[in-house]
Every structure is written in structure tokens, then in C-alpha cells.
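**Student:** Chain by chain, the residues run as shown.
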Amino acid sequence: MLDRLLRTETAVATYSGVVKRWECDRNNHWNVQFYVRAFQMASEILATAATGENPGSESTGFRHYRFHGELFCPETMRVLSARIAEGPYAGWVLHRMLKGKDDRLSATAIEMPAYPVADLPACTAEELQPALPRGLPATPHELVAVPRDPQGAALPTAMVGVVRPSDVDHRNCLQWNALASLCSGASHSFLNQIGLTADWINESNCNRMAVEMSFTLHGGCGVGDSLDVQSWVSDLGSRHFTTRHQIVNTQTGAPCATLEQLLLVIDLEKRKPVTVPEFLRDAARAYGLGEPE
Amino acid sequence: MSAETVTHHAFVPAWEIDANDHWNTAFYVRAFQQASERFAQGVPGPQPAAPPEVFHVRFFRELRLLETLSIGSVRLSEARAPYGVAHIIREGSSGRVAASALELRGDGLGPDPQGSDAEAYAPRSLPPGPHGVSDTGAALAEGRATVTHAGILRPEDFDGTGKLLMSALHMRVSDGNGHLWQFVGVSSDAFYGRGLGRAIVELKITRQGNAAPGTPVRQVSWFREIGRKSIEIRHQLEDLRTGAALSSISTITLILDMAARKSTELPPDLAEALRAAGA
Numbered sequence: 005m006l007d008r009l010l011r012t013e014t015a016v017a018t019y020s021g022v023v024k025r026w027e028c029d030r031n032n033h034w035n036v037q038f039y040v041r042a043f044q045m046a047s048e049i050l051a052t053a054a055t056g057e058n059p060g061s062e063s064t065g066f067r068h069y070r071f072h073g074e075l076f077c078p079e080t081m082r083v084l085s086a087r088i089a090e091g092p093y094a095g096w097v098l099h100r101m102l103k104g105k106d107d108r109l110s111a112t113a114i115e116m117p118a119y120p121v122a123d124l125p126a127c128t129a130e131e132l133q134p135a136l137p138r139g140l141p142a143t144p145h146e147l148v149a150v151p152r153d154p155q156g157a158a159l160p161t162a163m164v165g166v167v168r169p170s171d172v173d174h175r176n177c178l179q180w181n182a183l184a185s186l187c188s189g190a191s192h193s194f195l196n197q198i199g200l201t202a203d204w205i206n207e208s209n210c211n212r213m214a215v216e217m218s219f220t221l222h223g224g225c226g227v228g229d230s231l232d233v234q235s236w237v238s239d240l241g242s243r244h245f246t247t248r249h250q251i252v253n254t255q256t257g258a259p260c261a262t263l264e265q266l267l268l269v270i271d272l273e274k275r276k277p278v279t280v281p282e283f284l285r286d287a288a289r290a291y292g293l294g295e296p297e
Numbered sequence: 004m005s006a007e008t009v010t011h012h013a014f015v016p017a018w019e020i021d022a023n024d025h026w027n028t029a030f031y032v033r034a035f036q037q038a039s040e041r042f043a044q045g046v047p048g049p050q051p052a053a054p055p056e057v058f059h060v061r062f063f064r065e066l067r068l069l070e071t072l073s074i075g076s077v078r079l080s081e082a083r084a085p086y087g088v089a090h091i092i093r094e095g096s097s098g099r100v101a102a103s104a105l106e107l108r109g110d111g112l113g114p115d116p117q118g119s120d121a122e123a124y125a126p127r128s129l130p131p132g133p134h135g136v137s138d139t140g141a142a143l144a145e146g147r148a149t150v151t152h153a154g155i156l157r158p159e160d161f162d163g164t165g166k167l168l169m170s171a172l173h174m175r176v177s178d179g180n181g182h183l184w185q186f187v188g189v190s191s192d193a194f195y196g197r198g199l200g201r202a203i204v205e206l207k208i209t210r211q212g213n214a215a216p217g218t219p220v221r222q223v224s225w226f227r228e229i230g231r232k233s234i235e236i237r238h239q240l241e242d243l244r245t246g247a248a249l250s251s252i253s254t255i256t257l258i259l260d261m262a263a264r265k266s267t268e269l270p271p272d273l274a275e276a277l278r279a280a281g282a
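The listed protein sequences correspond, in order, to chains A and B. Each position in the first sequence, counted from 1, maps to that position plus 4 in my numbering. Each position in the second sequence, counted from 1, maps to that position plus 3 in my numbering.
Derived from the structure by calculation, the hints contain no laboratory data. Misleading hints may appear alongside valid ones.
[Unchecked claim] Quick partial rundown of chain A residues pointing at chain B, CB under 8 Å, derived from the structure:
1. R25
2. E48
3. H222
[Said to hold, decoys possible] Covered, in the sense of this in silico footprint (three residues per stretch, anywhere, with C-beta under 8 Å from a C-beta of chain B), are these stretches of chain A:
4. 12 to 23
5. 50 to 61
6. 169 to 180
Glycine residues also receive a C-beta, built at the ideal position from the N, C-alpha and C atoms.
Work out the full structure: start from the sequences and follow the hints.
**Tutor:** Okay, structure coming up:
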């Protein structure tokens, strides 16, 4: 089946498309859920080729992403996929999203495949290098107890909605891009709570930017289920902070997915990261990183 | 003579606009399919939600943000055979015709002696009737075509009876067009950067087969005819597992001088690049 796709010596072109205007953010960038969709379609093509059946969203249970260059409307992009042959991620799959006529690197993902990969070409070390985890470990998330605030109260939960038929794949499993979209709502809500408000963005001319992200799919929901997202700050550095989002089935409490994203605070004029502001440090301590000092 | 029946109303929302501020052609196709299914409800006899087998579309006027539109549908005479019904999109504000689609119907509703000749909407550059299936394997091997899209068909690409939506088939053209131009070495910058534009003026979609949600697909695309001021592009969507064709799409694209907002000749170097790729 993969013979019907374009190939290079070290990869198969498993997705290609264009950035459509209705898939862009207000800043004309391709919304993150569509990167997630493209990588997931690439994954399902590999899984179908290897097994003869498309397992849908369950082609992988864990994927780690890095973002290198934004995609703007109406840029073209394609995904090249390969087997990782050596190192700690041997047996995993590398997806590289390349944009435009020059194949500039836009994003990467490595996934733990739920399908055989022996027939895939192996990537080179140079191709893998930009995809390697930097600030977020590439390890499937375990469910953890949600931290409490300094007064011992539960952190707020975002009620992100009910799973619709259009959110699931052909096997009634939540699509990865739908998951990303739901998490996006929760993430915006949480960041607003910790002070990254629209007013602050306008006044400071700074904004956050996700540069690394990891997703674990636990299952646990289908059409008609209501979902809640528990969010907290899970790590804090001088120029980055990490948020963690645990998606659970409202009715059953079953875990559905976990997302972590590593964010930089960017000076929008200089397009460079700045030190994480003090108010965010205080908020991080109140929202997940223990007692305020 | 048959009279037109109103079969669809819609408007152009902000989230369906292209990079050039126009309603994307996939949404015209979606509107035509809505009209087709609504029209079936008014036809005596069995009323299957019959998806169109062929849409032969012509574009006359771009629909822009917030414009309203309605579709009038009418039976066709033998003059438009094999097509049985025409659907005509009119601007709500002016009543001017924006686009038309002649339809070869899945329910077998053919020409009607009392039907309209619909002369104004007759095929112009593409022959009437369904496309044949192309041997894309040979075209790829000879370097005359390339794979312009790979992806997965999702549940939302299908109607309530499990048939692929025409708009879902056509959406892959949006995904693939830029890749086809890159394949022949003509980048967006090389084209738009010299003040040129492109507009689809005629389009034919032929349904070749069906598939199920979750099916992996590829689209193979190639330049077919290079005219003085227009080009024909072909796209064939295929089941990636079996190679079976799911749809064939032809587009006639007019070359525009964006400053003058008029059609213009394809510059010789670009025409040469397209011909070198086997067009």
C-alpha cells in the first residue's frame, strides 16, 4: 500500500495538504489541532498499511510533538514518516512536517506505534535530532492525583463539552484533533486564570507559544459523553513553563487523555522568548507547584 | 416547460472564505449537493437520498463574505443530455447568477421533454458526461503526475446513507493544487509574485466508487491541457489500499492579471514548465 505514496530514501510521504483559511487562528497561523490531525492521519496510513485495518485513533497511545516553524495560510505541507532504528526511541515512528517548496521543517512528532514498523524505511540521526524531546519527556503519562491550591482546595475544572459524532473516528474513538481542540479550550481558560489574559497580552505585547507538547490517549469516552479537564502548572523554568491537562469522563470519572505543553513567553515584536513574568511564577506556585514561598 | 424550484438557501460565513476572500469552491459543491437532495424530495416515485453521480459546474461570479444565496433547480431537456437537472446559485442581493451545476443523478432522473435547455449553463471547455478512470500508475511512473494528497476519510466526509459527499471529494482539490504546481517547479511566489492569479471557471466531479470512514486515500493530479489563457487540471482520488478510483475531478482554471482583474495569457516560461511536466 505504501508503494502508492511518494517516498524518499528514508521516509514515506504519509500526508499532504494545504493550510486553509478556516483552519487558521486569528493570527493566520494553522491552529494546533490541525497539526495533530495531520500527524494522526499519517499514523493511521502506516497502521493500515501494516495491519490491513485502520485502528483509527488507537494507532498510537502516545505522541510527542515539537514545533519549529509556523504554517500560514495558504502554505502547503506534507508529512514524511519513518522508523526510528536506534537509540532510546528505537521502534518508534518519526513524523516530520515539511512546508512549502523548500521542505522547511515546521513540526515533528515521535510516536509509540500500536502497529508493526519493520517494513518502514529508517530515518537518519540528523532527521531525528530536531524531534528529540527537549523540555518535555517523551514518556506516556501516568494518571496522577491533581494538585490542590495552597489552601487545600481543588483547582478549578474546565467543563469543555460533550463529545459529538463529528469528534469521533469510525470506531467511536475520540479523534486526536478533537481532543486537541477540547484541550485548547481548557488551556485558554486555565492560562486566563493564571494571569495570561487578553488584556495582559495587549498591554505587554507578549504572548505564550507552545513549542513542545505530548499527548497520551487513555480512551474512556465516546459520542455523547461529557468531558472535564483538570489543569495545573507542572514545571517552571526561567524561560518556560509547562501546563498539564487531564481529561476525564464527567459521568464515569474514567481518564480519557493527558496533555502536557511546554510554553515560552514570547516578545511579539522581537519574536524572542523572555523571562517568565513574576505574576506567572506566583500563579504557578498557587496552581500546582506547591505552597507559595 | 419546467419551472425552477427553490431548493437551497445559504450565506457565506467568515469561516468558509479562502485566502482571496471568496467562498471556497468546495462550499459551492456542498450547496449543490444540498439542492440535489432537496430536489429529489419533489420528484414523484421513490425518493432515495440519491447522491449526484456527476456535477458539471460553471462559475460566473465570486461570492464574497456575508453574501446570501439561493439555488433554483430545474429539469433539463435532451439538449443537455446526459444531465437531468440544473441547479443555479443566485446572489441574494442582486439575483445575479454566481454558479450553475448540471447534474447526472444517482436516482436515474434523466432529461425531460418539457425540460429547460439551460443554454447559458451548458458545458464549455469540458465535455458532458462522466469521466473515465485514468491509469494513474502509468502517469506517475512516466513523471506526468504526482500524489498531491494523502489522508484518511473521516465520518464527516459521508452523508446519512454512507455515501461520500461531493464536497468532501472536492475538498481534496484544495489540499492538492499547491502541491501540483510545486511538482512542476512553479511555486506560489513564482506565480502570484508576478501579479498573476488563478480562478476556476468550470469544474466536473464524477463519482467513481464509494468507501467507508477510515479509508486511507491518495489523490493523483496532473496538468492535462495547457491553453493560451486557461489550463485543465485533473485529480483522481483513490483508495490507498486497493488503488480503486473514488472520484475524478477536472478543473478549467483561468489565468488572471490581478491588477486588471481580467484574464491574461499564461507567460511562456510557465507554459513551458507545465508542458515539460507532460501536459
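**Student:** Each hint: holds or not?
**Tutor:** Each hint tested on the structure:
The interface hint given for R25 (chain A) is met, as the beta carbon of that residue sits about 5 Å from the closest beta carbon of chain B, less than 8 Å. Checking E48 (chain A) against chain B by beta carbon gives a least distance of about 5 Å; that is within 8 Å, so the hint holds. Given hint, H222 (chain A) at the interface with chain B, is violated; its Cβ is 21 Å from that chain's nearest Cβ, farther than 8 Å. Chain B is given as covering the region 12 to 23 of chain A, and this holds because 6 residues of the stretch bring a CB closer than 8 Å to a CB of that chain, at least three being needed.
Against chain B, the region 50 to 61 of chain A contributes 5 residues with a C-beta closer than 8 Å to a partner C-beta. That satisfies the three-residue criterion, and the hint holds. Counting residues of the region 169 to 180 of chain A whose beta carbon lies closer than 8 Å to any beta carbon of chain B gives 7, which meets the minimum of three for the stated coverage.
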